[in-house]
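A.B. asks: Read off the chains here:
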Amino acid sequence: MSDPTRADDDTPLFPAPPMAEQERMVEAILFACADPLSAAQIAARLPHGCDVTEALGHLRSRYQGRGVNLVRVGDGYALRTAPDLGWLMQSERVETRKLSRAAIETLAIIAYHQPVTRAEIEEIRGVAVSRGTIDQLLELDWIRLGRRRMTPGRPVTFVVTPEFLDHFGLDSARDLPGLKELREAGLLDSRPAPGAIGPDEDDIDPEGANIAGQPELFED
Amino acid sequence: MSDPTRADDDTPLFPAPPMAEQERMVEAILFACADPLSAAQIAARLPHGCDVTEALGHLRSRYQGRGVNLVRVGDGYALRTAPDLGWLMQSERVETRKLSRAAIETLAIIAYHQPVTRAEIEEIRGVAVSRGTIDQLLELDWIRLGRRRMTPGRPVTFVVTPEFLDHFGLDSARDLPGLKELREAGLLDSRPAPGAIGPDEDDIDPEGANIAGQPELFED
Amino acid sequence: MNDLWDSSDDISARREAEALIIDVDGFEGPLDLLLTLSRTQKVDLRRISVLQLAEQYLGFVEQARQLRIELAADYLVMAAWLAYLKSRLLLPPDPAEDGPSGEELAAHLAFQLERLQAMREAAARLMGRDQKGRDFFARGDPTPLAVSRKTVFDVSLLDLMRAYARLRTRDEFRPYAFDRTDIYPLEAALERLSRMVPGAADWTSLQAYLPEGWRGAPARKRSAVASTFAATLELAKQGQIELRQSDTFAPLHLRRRAGQ
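Residue numbers (this note's numbering), protein chains in the order written: chain A, 79 to 298; chain B, 79 to 298; chain C, 139 to 398.
Please keep in mind that the hints were generated in silico from the structure rather than gathered at the bench.
Note that the structure is a prediction, hence the values are computed from the model and not measured.
Note that the Cβ used here is the ideal one computed from N, Cα and C, for glycine as well.
What you were told as hints is all true, and nothing was included just to trick you.
Derived lysine-lysine pairs resembling DSBU-like cross-links, with alpha carbons at most 35 Å apart: (1) B/K176 / C/K288; (2) C/K180 / C/K224; (3) A/K176 / C/K180; (4) B/K258 / C/K359; (5) C/K359 / C/K375; (6) A/K258 / A/K176; (7) A/K258 / C/K180; (8) B/K176 / B/K258.
Not the full set, but computed from the structure, chain B residues with beta-carbon under 10 Å of chain A: (9) I107; (10) A110; (11) L124; (12) L137; (13) R140; (14) R144; (15) D162; (16) L163; (17) L166; (18) Q168.
Construct all of the structure, not just a fragment, from the sequences and the given hints.
C.D. replies: Structure, rendered in structure tokens:
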């Protein structure tokens, strides 16, 4: 069993640095990087034999309650300013283009129903999804193409990206607000219209699996 | 006497936040800001009544010895990766290239005949040795200058380095196989010219003596 | 008190209905319009009267028609579908007819509305979260990962040995005759013979003209004989000497040409 977060230490040439030093190193790496880094990416930069997971744990508690926090984003880690201090950073604010209602709803549908086809998005919204809406979300790097559906026409699906999680401060897609309630209420089910020939039934995974078992979301 | 680092607290509308909170704020600001900020600039972002100098002092000791340090840059303050960890922010892209034929031949001659002058290399190769070839080998740290020859013009000689031995997995240059061995190993496809009196051993042995009697090869 | 509230509700409901007409372009399709209309029922979406909703929608479409507001095709498709649904809900089920019952269709519409509403709320909650670059921030001055290029030369000991072997055996490939020590060149034979011709008045064997040191070892002798013979042919051609051979493979004799 190999742990990618742990540099192989079967036959270490040099002993790994002390944990306090490993923590410093992880701190420096995360500090220098604006994007989240996975434990494996961090490990790749550290000397052999380092225990990234443990160092991250120490670091997380060290930054607990500070002005900067260690957050988990998907399977990555990043340092971010504490959300309650956002008002101090007025001048750092990046003005994002205001999203249309269609774009916001489409984004939410993709996040909660992923992987989801365009036809399914249209079915939920009851209206056609314009190309521009999808393009805008792709451009923001909040959604990307997922696997093709194994149904006639092999339609592409959409899933959200790690950048989406980072932007909205989500640990993972499982932490989407209200996800559990929506699932329990059956509102994430794909329920074909009565009488309609439902080709969707077989190919849409039970929605729990959609998100929890969506390996492509966090792959690479 | 007005202290620009201290928001005016003559008539504070609200009490200043506790020092721990001020420290958090300064930490978040310095983290998010792209440029160093002066104490006055930091104060301008903080609520009235904050003591930036004190908060900076606390922050500086908090980051003492960490992977990230609070440093003074000009008359500003900034968080920076600890200088001893700069190497973590380096990544090496390794490119594999083929060595030119001229370089391989020159290197081989130096290895077999060291110490050898440029003129001797040219005599063996039958063509001039370009300065670039020698420079490349020097740069690779595979050859270095040996003693000058005690002959007219006192030409410099070249010898191989320990790095060379390391790269080619040799204990010493004496371990290089002789022509006879090369031939036996099938590395020479030509048969000796008819009537030629086996020049191999004669050729090689003096070089063996060269190496044995060349203490400068492994000096320093 | 209640009346007062009710009447004010009526007013706001009427205002809403007017607004609906005017803002028809603002709706994101018929489902969105249905969702908006359903709010006027002021009940949980799960307890909504789909029949009432269908009537509201059809009323809206009728009103729009009176106001000569052009409605997009999908609004009209929805209107037709709702009219059909209404009839299914009102009329007793026809046993001869296949397909889903009016109740099933109504339930599905209610589900769609509830789902759309849920997604809308989820979207609002999502956008209400702390957002990067607005509420929390990444490092403002990230240090780019310095990439240093390192070139590794792909050369093995074998390459090195091959190169050396190639160099040291290069001469063996050259066809240079003068590298060979046992060759007596034609030029030498010609020169030697020319010098000796004036003294060769009598018939003398070719063997006598072979140079010193080239008469013993067979390889050397062969070469000397060949070169000297070739030289005699050349001199005979020039008319300087005469050649004689008594029989095939018999010794070859030469002498200076008479009168020379």
